[in-house]
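We have chain A; now place chain B onto it with these hints.
If you read the sequences in order, they're chains A and B.
Using this note's numbering, you'd call the opening residue of the first sequence number 1 and step up by one each time.
Using this note's numbering, you'd call the opening residue of the second sequence number 1 and step up by one each time.
Quick caveat, the hints were computed from the structure, so don't treat them as lab data.
There's no promise every hint is true.
[Stated by the list, open to error] Taking lysine-lysine and the DSS-like style, the derived pairs with C-alpha atoms no more than 27 angstroms apart in a straight line are:
{"id": "1", "chain 1": "B", "residue 1": "LYS153", "chain 2": "A", "residue 2": "LYS149"}
{"id": "2", "chain 1": "A", "residue 1": "LYS86", "chain 2": "B", "residue 2": "LYS80"}
{"id": "3", "chain 1": "B", "residue 1": "LYS125", "chain 2": "A", "residue 2": "LYS139"}
{"id": "4", "chain 1": "A", "residue 1": "LYS910", "chain 2": "A", "residue 2": "LYS847"}
{"id": "5", "chain 1": "A", "residue 1": "LYS139", "chain 2": "A", "residue 2": "LYS156"}
{"id": "6", "chain 1": "A", "residue 1": "LYS156", "chain 2": "B", "residue 2": "LYS64"}
{"id": "7", "chain 1": "B", "residue 1": "LYS79", "chain 2": "A", "residue 2": "LYS86"}
{"id": "8", "chain 1": "A", "residue 1": "LYS495", "chain 2": "A", "residue 2": "LYS508"}
{"id": "9", "chain 1": "B", "residue 1": "LYS79", "chain 2": "A", "residue 2": "LYS38"}
{"id": "10", "chain 1": "B", "residue 1": "LYS80", "chain 2": "A", "residue 2": "LYS156"}
{"id": "11", "chain 1": "A", "residue 1": "LYS247", "chain 2": "A", "residue 2": "LYS204"}
{"id": "12", "chain 1": "A", "residue 1": "LYS206", "chain 2": "A", "residue 2": "LYS247"}
[Said to hold, decoys possible] Calculated from the model, a selection of chain B residues having no Cβ within reach of chain A, i.e. all distances over 12 angstroms:
{"id": "13", "residue": "HIS59"}
{"id": "14", "residue": "GLU87"}
{"id": "15", "residue": "GLN102"}
{"id": "16", "residue": "PRO117"}
{"id": "17", "residue": "ASP123"}
{"id": "18", "residue": "THR157"}
[To be verified] For the chain A half of the interface with chain B, some residues (derived, Cβ under 10 angstroms), not all of them:
{"id": "19", "residue": "SER111"}
{"id": "20", "residue": "ASP113"}
{"id": "21", "residue": "ALA114"}
{"id": "22", "residue": "ASN116"}
{"id": "23", "residue": "LEU120"}
{"id": "24", "residue": "ILE122"}
{"id": "25", "residue": "PRO130"}
{"id": "26", "residue": "ASP133"}
{"id": "27", "residue": "LEU135"}
{"id": "28", "residue": "HIS136"}
{"id": "29", "residue": "THR140"}
{"id": "30", "residue": "ASN146"}
{"id": "31", "residue": "ASP147"}
{"id": "32", "residue": "GLU262"}
We put the CB at the ideal spot given by N, CA and C, even for glycine.
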Amino acid sequence: MLDNNILLSNNDFRHLFPFHLLLDNNGRVLSAGSSLVKTVPLKSGDSFNTWFSIHRPYITDPTFEQIVANKDSLFIIDSKSTPSIKIRGQFYQPEGAQQQLIFIGSPWFDSLDAVNEIGLNINDFAIHDPIIDLLHILKTNEIGMNDLKEVLDRFKAQQKKLKQLSLIATETINSIIVTNRVGEIEWVNKAFEKVTGYHLQEIKGKKPGSFLQGELSDQNTIRYIGSQIRNGRDFTCELVNYTKSGKPYWIRINGQPLLDSEGNIEQFFAIEEDITEQKEAILKLSWSEEKYRGIIENMDLGLVEFDNEDNVVFCNNSFTRMTGYDLSYLTGKQLSDVLKERNPNFEPSFRVKRRHGGITDVYEIEITDRTGESKWLLVSKALLYDTQRRITGSIGIHLEITWRKRMELELKRARQEAEESSKAKENFLVNMSHEIRTPMNVIMGMSRHLSGLIKDKKQDELLQSIISAANNLLVIINDVLDISKIEAGKLEIEKVGFRPRKFMQEAKNILSFKAEEKGISFRCELSDDVPEILVGDPFRLNQLLLNLGGNAVKFTEEGSVDCTVLLQRAQGEDVQLRFIIEDTGIGIDQDKIEEVFESFRQESNSVSRQYGGSGLGLTISRELTRLMGGSLHLESQKGLGTRVVLDLPFKIGSAQEIESPEEETEKTGQLNDVKILVVEDNLMNQSLAQSVLESYGAKTLGVSNGNDAINQLSKESFDLVLMDLRMPGMDGFETTQIMRNRLQLKTPVIALTASTRSELKHDLGKVGINDYLLKPYQEGSLIRKIMNHLGKKQLHTNEPIAREVKDSGKIYDTRKLEAFTAKNPDFLKRMLQLFIEEMTSGFRDLKAAVEQNDLVKVGDLAHRMKPGVDQLMITDLYEGVKLIEQLGKKNDPNGELPALVEAMEQLLHKAIDQIKANEF
Amino acid sequence: MYGIVNKAVEELITENFGAEKWEAVRTRAGIDVDFFISTEPYDDDITYKLAIAASEELHMDIGKVMVALGEYWVLQVGKKKYGGLMEAGGNNLRDFLHNLPQFHSRIMLLYPKLTPPEFRISDSKENSLDVHYFSKRQGLQEFVRGLLQGLSKLYQTETTIELIADRNSGSDHEIFRVSW
Chain A
1 MLDNNILLSN NDFRHLFPFH LLLDNNGRVL SAGSSLVKTV PLKSGDSFNT
51 WFSIHRPYIT DPTFEQIVAN KDSLFIIDSK STPSIKIRGQ FYQPEGAQQQ
101 LIFIGSPWFD SLDAVNEIGL NINDFAIHDP IIDLLHILKT NEIGMNDLKE
151 VLDRFKAQQK KLKQLSLIAT ETINSIIVTN RVGEIEWVNK AFEKVTGYHL
201 QEIKGKKPGS FLQGELSDQN TIRYIGSQIR NGRDFTCELV NYTKSGKPYW
251 IRINGQPLLD SEGNIEQFFA IEEDITEQKE AILKLSWSEE KYRGIIENMD
301 LGLVEFDNED NVVFCNNSFT RMTGYDLSYL TGKQLSDVLK ERNPNFEPSF
351 RVKRRHGGIT DVYEIEITDR TGESKWLLVS KALLYDTQRR ITGSIGIHLE
401 ITWRKRMELE LKRARQEAEE SSKAKENFLV NMSHEIRTPM NVIMGMSRHL
451 SGLIKDKKQD ELLQSIISAA NNLLVIINDV LDISKIEAGK LEIEKVGFRP
501 RKFMQEAKNI LSFKAEEKGI SFRCELSDDV PEILVGDPFR LNQLLLNLGG
551 NAVKFTEEGS VDCTVLLQRA QGEDVQLRFI IEDTGIGIDQ DKIEEVFESF
601 RQESNSVSRQ YGGSGLGLTI SRELTRLMGG SLHLESQKGL GTRVVLDLPF
651 KIGSAQEIES PEEETEKTGQ LNDVKILVVE DNLMNQSLAQ SVLESYGAKT
701 LGVSNGNDAI NQLSKESFDL VLMDLRMPGM DGFETTQIMR NRLQLKTPVI
751 ALTASTRSEL KHDLGKVGIN DYLLKPYQEG SLIRKIMNHL GKKQLHTNEP
801 IAREVKDSGK IYDTRKLEAF TAKNPDFLKR MLQLFIEEMT SGFRDLKAAV
851 EQNDLVKVGD LAHRMKPGVD QLMITDLYEG VKLIEQLGKK NDPNGELPAL
901 VEAMEQLLHK AIDQIKANEF
Chain B
1 MYGIVNKAVE ELITENFGAE KWEAVRTRAG IDVDFFISTE PYDDDITYKL
51 AIAASEELHM DIGKVMVALG EYWVLQVGKK KYGGLMEAGG NNLRDFLHNL
101 PQFHSRIMLL YPKLTPPEFR ISDSKENSLD VHYFSKRQGL QEFVRGLLQG
151 LSKLYQTETT IELIADRNSG SDHEIFRVSW
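Pulled out of the complex, with its shape left as it was, chain A reads as follows:
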């Protein structure tokens, strides 16, 4: 026991207990600590109760005695001056001073701020006083609590976030797998369960690879995943997995390790995205690309792709095959430049239009390939666009059409040849028609003429044979020419008005005469309901009837030939007539019926020999029927006869459609004040034309050649020009051309021509000739045309039909001439005189030209003589002069001219003699 006296001075006491209070037994302050006085400004002698109240123990009116009684209690006293100050301590009655009470204590604070607020600091407390430290601890705890709160708050926030993430992980459509560090499943989300069909319970603890992978799962990828997991690395890859039902599907996996705070792998976390659709789409696209790549490479079309500057960026093998240029050569180049390498003249015809809407060009080009071979290509160009519709380039598709082009050219050439051939054929037909008929006419004409001169009966019989043979030959020749025309497509079917009864009568007359000669009966009946006037081709109808009827008569030795015409059908203005020709002739074997329609075929050689003929009649009849839109049937029985049924369509006509003779009317000056230039080298024709025109009141001027015509036209104006086409020197074509081009005249020009060329109209139109008249022309036709072109009203003219009817014995006929001379006898005489003079001098010149072998002149002279001869209708002389003209053109290959000229001159003399005798 340590029991020594502690010697403590007042100062020591005050230093050790800076908050002490010494009171007397009256409760008055005897002494107070300096720190207490700092907080409570009491003075010595102040009453305790003035400055303090006792909070604990509970003493309502503290006295000295009461305090002493509680001296072993913990006292908490409040400062009355500063209520926030509480002092904790104890009262003690010192042993040596029973009349005193000493309070030892220290203020109680709940914070360090409170210390500062009352102006105290650490130095105001005794070093042994732990109050500041306690406050420090309090504060530290508070700080600690605040940190905990903060941690809790953060934790809550993280919890919330985790919950959200968990929800996302759970609800995301992507599969999420969490495994432990060795890859065994700890958790999977709903999406995984849905996609795979596996529930967490059944796969927990298993490794994904043990049940998710299968045949199509790539082993290299599986090994890669395993390696990454073992090495604690993250991984991304694509893999085929299998559902519980065994269905494969593609996934993209992103896996990564989850590390603990020390960086050790705790778990693995993988997100699996189902990319099956994407993969399928890629695969489809890949197949599609492959397919189109295949198509592009294998198609027989050359494909070239260009950029926006028209440089080649791609070409396929087909293009290389076509051109010899491969992609490596072409890349980056302009195709046109490359194609020019072998052919500097190559002109690219394409221009890709780069405006909105871009245009596809299709065209043909001829190129020279790399080997130098010429080729044709059909090119189709189109623009290329990206997804934003911006032009990114263009493509050209090339099809080699060399063979087609060659075929085209070949066809063109063939067509040209065919056209030329057809033209030649037409010319041939036209020429041959004249070439053959003319000599035939001469033969027949001469024969008939000779028949009139021969007295000897035997000689006359022989001559009749010649005439008969010539007639037959003419028929055959006509048939041959007709079939040639039909085959050449040059035979045209007319559509004119005609009276069927009249034509039937004419045919009946001819056929009944032939039948009578053979002693067989011939009947021809026309049904009453056949219309009065029809529109069709009466001439071809006549030919058909004569062909078919003629055959019937020809092949019937006894019995009859009956011809019946019925109205088969009538509908509106369309009618169909049926012509039935029945005979009791030799008939045709059934199996030979079709053969007889073939060209040049008759039933048998014996028929040919017996009956003759060209074998073309039925062929021509069938073709004519076809061209006329009808049908022809033949029924026959050998030995009993034949029945031919001909159906032909017509339209019902009217009187206006008949070319009937016109009434005679007075000439009333319809061409008054009309000035006409007549350009005609034949003076007679020129005079005739002028006479006609003047009779209608026109003023005329005649010139004989083109130059004179141009001179006149330069000096004075005319209302119309009649232009002979064929003139020596400048012909009618050239004259008209000069009129139009140099003189700039629009005066109507009507050509006078004997030409029947099919291109005549075209040729006339080319030079500006407005119309034409075929020689010999009718007065009425001439005047009508002139009136037409002058815009005047049509009129009737007095124009009797110029029929070729000869007076008996006279080889000439003046009716045509009379028509032009308006029956003026003086004028007629003058014209006849002119004829005699012109023809006499003409033949003189002709003979001289023949002697000089100037065959061109021969042709020209003969041409000029034709119209005059025609005016007097001296047929034989006309044909002869025409023949002279033809021979002149053809250089008289057989030397016939001299004899022919001689013969024609003789004929002319005869005609002149007759004229002189009859007309003067």
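Positioned in the frame of chain A, the structure of chain B alone reads:
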């Protein structure tokens, strides 16, 4: 060091440079602690690493970082968190500095896991005194300088702080002469 120090580093960086910068510093320092509990002790190494990382991340001299931390400690941590503890240490800078040794002795009991430095005051004159800093730790004298600067600002006293002795120069402790 107690968490309160590391928190001071965190708050100093976060307040001045943002939370991302703090994360960068933390990552650079390789410190995995998400939250420093103020009253929990942490390895001193953490504080050093944070300070170095901060200096690297902020492109500041480590000494400057330490000074900034010391000032921040007094003016923010001491004032905000301990609310008046600094003021309780003295009515003026001089008194506080004189109480500094006692203060650190007190906190030794309060923070049993802390090895606080020891301070002594000498050569106390009317306008200056010497603050002796004794610590087993190396490299914190600039932190002490920061504390002294912070206290100067707290007591609104313009001072000059001069390191008149340090361990690098052969002394066994640092002596700061604080003049006002």
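If you draw a straight line from the CA of LYS80 of chain B to the CA of LYS156 of chain A, is it 27 angstroms or shorter? holds, 25 angstroms
Let's test the interface hint: is any C-beta of chain B closer than 10 angstroms to that of ASP133 of chain A? The hint holds - ASP133 of chain A has a Cβ within 10 angstroms of chain B, the shortest such distance being about 5 angstroms.
Going by Cβ atoms only, is GLU262 of chain A closer than 10 angstroms to chain B? Holds, because the Cβ-Cβ distance from GLU262 of chain A to chain B comes to roughly 8 angstroms (cut-off 10 angstroms).
Just double-check HIS59 of chain B for me: nearest Cβ-Cβ distance to chain A has to come out over 12 angstroms. holds, 28 angstroms
Does LYS153 of chain B pair with LYS149 of chain A here, judged by a C-alpha cut-off of 27 angstroms? Violated, because 31 angstroms separates the two Cα atoms, which is more than 27 angstroms.
Given pair status - LYS64 of chain B, LYS156 of chain A, alpha carbons within 27 angstroms: violated, 37 angstroms
Could you grab the alpha-carbon distance between LYS86 of chain A and LYS80 of chain B and see if it respects the 27 angstroms cut-off? At roughly 25 angstroms apart (the allowed maximum being 27 angstroms), LYS80 of chain B and LYS86 of chain A satisfy the hint.
Hinted contact PRO130 of chain A with chain B - closest CB pair below 10 angstroms: Constraint on PRO130 of chain A satisfied, holds at 9 angstroms.
Given LEU135 of chain A as an interface hint, is the shortest Cβ-Cβ distance to chain B below 10 angstroms? holds, 8 angstroms
Taken at face value, is the distance from the CA of LYS204 of chain A to the CA of LYS247 of chain A at most 27 angstroms? holds, 21 angstroms
Using Cβ atoms only, decide whether ASP147 of chain A comes closer than 10 angstroms to chain B, and label the hint accordingly. holds, 5 angstroms
Check the non-interface label on PRO117 of chain B: least C-beta distance to chain A beyond 12 angstroms or not. Consistent with the label, PRO117 of chain B stays out of reach of chain A, its closest Cβ about 17 angstroms off (over 12 angstroms).
Checked against the numbered hints given earlier, this structure breaks hints 1, 3, 6, 14 and 15; the rest are met.
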